[in-house]
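Listed below are the residues making up each chain.
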Amino acid sequence: MSYPILIEQSNQILRELVDAGQPVLGYIYPHIPHEIVMAHGLTPSLVRTNPTTVGAYEDSLQTFSCSLTRNLFSQRVNGSFPLLAGIVFSSNTCDALQNVADVWRLRFPEDNVIRLTYPVGDSGNPAVQYLALEIKAFSDALESLTGVAFQKDAFIEAASIVGGIRRGLQLLYSARLVNPSLIPYDTLSELVGEFMTAPTKTVLTRIEKKWAEVLDGLKKEKQDGVVEKTRTALLSQDMGGINLTSDSAVRIAFIGGMVEPTTIADLINNVPGMKSNTVVLDVLTFGFRTVFTPPVETEGDPFEGAARSILGAPSEPTQEGLSKRVKLLKDVLTHLSIGGLVVCEQSFCDPDEFEAPSTERAAAEVGVPIVRLPIDPELSDRARLEGRLQTFLETLDAS
Amino acid sequence: MSEEKPYRRLESQDLLQQIAFRHGLEAMAASEEGRLAWVTSGFPVEIPVAMDVFPTYPEQAGAIVGASKIGPEVCGFAEDLGYSQELCSYARASIGSTDRPDDTAMGARPTPQALLACNNICGTVLKWYDAISEMTNAPVFLLDTPPLEREQLPHHRAYVRRGVDRLVEFLADTFNTKLENEKATKVADLSSQAIRLWTKVLKACANKPSPLNCADRFLTMAPVVSSRGMEHCVEFYEALLAEVEERVKGGVGAIRDEQTRLLWDNIPPWFTLRFFNQLAARGVGFPADTYTHAWSGAVEGSDIASILDGVVDVYSNVYLNKGLEAKVDKMCELIKDYDLDGFVMFSVRSCKRYSLGQLVSKEMVTERTGVPGVVIEGDMVDSRLFNEAQVQTRVDALLEMFV
Ligand code: SF4
Ligand code: SF4
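Each protein sequence line maps, in turn, to chains A and B.
Okay, so the first sequence: first residue is 14 according to my numbering, each after it adds one.
Okay, so the second sequence: first residue is 5 according to my numbering, each after it adds one.
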């Protein structure tokens, strides 16, 4: 599915939800506590950039605001923004989002802007305690917004749905690594996209169905065991026990803090030389981090459970832990037999652009060639990006 | 000749140069002795100082690179390593000069043994120090002070306090040192004295004519940022305050013929400080700016526990760590207290935290104070991002409003 179609489909799903009286809470940063949002009767939905948006941010933001925030702002000014009960801006993540949230509030006072502040520090328990109380305050804000108090039953149900979706997607991610012919990257990214649009039972059912089909194929090839092991390894960020071998085909992975798998799928669609089994993984992307988040513990304090889950996910470039991310990347490249890495950077995104040289060095240290792709939501330089990917593939083929 | 210049040179500048020179030598010696830390401008420097860890502050090195007009070249060294031209030019200058110290005539900093970052000024500092850490192997310590929306809540305070405790543990482990009561109280006391003196210096600029212009304050703020808690810092501000008070007493202004008083918002373009001098020639001075007013909280305390609590208070609550409205409040307050006619907002392309939102704050400040302002775009170190003609046109348009 191309990215514009995904946007249309996602808007359609949102419209249907809203028409059915289901309020939707938009979010921008991947680590939203889905289960808490759902415990207030809201559907959390990723606010997406729109490739067809024409810039309309200039009265409020400078051109050096990151391309993602410029696009979202323009959608809001243009009136093409989805109908949301509220919008969650993360705080203490990146400088752009921090300030844009303030600008948004001032420019659109009628919008319900809610802040959720994350710890940057990788300090273990103090960070969990801090985030738990921030999530509690967030939950209180949702109660004021909706008039619906936190409902334990809804929370438990949400944990089961989101947990099931994540588990299914983790297995599908792993299946693609083990046997890419069983699940096209397009399909995988589409399902991840659906999860981020609306984590509903319908989406869970679709993912479970897809997994059942893939599992059949894996069983025939006796690969189901290794898929489960790969999933555990990715989830625990410990690749020690995994060693996937590849056939002669080149396997490449994508990386980038603020890139969605669907954008990758769209971008690689028309690249000459890109075969259906070439891209086997996107790692540390928006989708990957959301999917490989450990389940929320439903016993005990729900806010602490949500905080532990979020802080247990692969970290962001906006957080401490560069050396851990570099290690995970090196392990992924070597243990999963990746032959080339595409590094996506949102234009004017400080976290992406600061991290890219470290990523580049890490890949070089394990002998994996890379190409850096500066992208923006409009894919305004699409022909050149495709050209660079094509040349990259040719270099990999020749080596 | 110098008498003909439209601005007056501060005598304390000689002392400042001596201090800077001495600070440089001490930093070099500390690096050789294995007790040098780089600190960000909003870091609670009192703690390393009290633990005998010598701090140096690379944002100042970036300013020196800018002022020496080698910004594009040194930032270019970082770009050669893959760091985008869109990133903070203090960070790029620092990464570039760390990679190629021999090619950086001024502004290279001695090798650190630790990198101490506090994100109360921006999130970029962590990414920057992570990059330096990869180059030098010095560990990064991040004091995480999440931005405040309203008043500081108990769980925020507890989290930052735990971070401060961890900092003490980190320094003790890394440098084999201890935080002791006597030294801690002495350093806190010296730090508060310096801050109080600095605050008096800033307040004196409310006089007409203002005894200091923008560039004067930017140059003289360095010790209060990096050497709070050291004796020579207090000595310097005593001398500066004496000179400032002398000027006030004699009705002597920083510029010879102050006619228009403006507020400066943001870091200055270091490579073209003559921008201020050219305006001085037209009778335009800057008695206040938002940046140098950020260092105003004094850490008080009579023992280690109360000092560490004070650190939590002061460093979480710097107005840079609050939202856009806090910044607008600050600007309005300065415009009123310093009786200013208008304001210039420098939109620094490579500093998102300080600059994004200026278009909106400009409107709000004008609405609330009734004074006009202008936004000019450029960069503090990287002159490639500064279009002088365009800046001039905009500033001219603002000045026309005062004739
Ligand atoms: S992380 Fe990057 S792309 Fe995302 S909002 Fe921040 S600056 Fe923009
Ligand atoms: S991004 Fe801005 S606030 Fe942060 S270090 Fe750079 S100049 Fe300073």
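It should be emphasised that the hints constitute simulated quantities derived from the structure, not laboratory data.
Computed from a predicted structure; not experimentally measured.
Careful: at least some of the hints might be erroneous.
Claimed, not checked - Coverage of chain A stretches by chain B, computed from C-beta distances (three or more under 8 Å per stretch; other residues unrestricted):
#1 136–144
#2 173–183
#3 330–340
#4 359–371
Yeah, the Cβ is synthetic: ideal placement off N, Cα and C, and Gly gets one too.
### Query
Which of the listed hints are broken here?
The structure breaks only hint 2.
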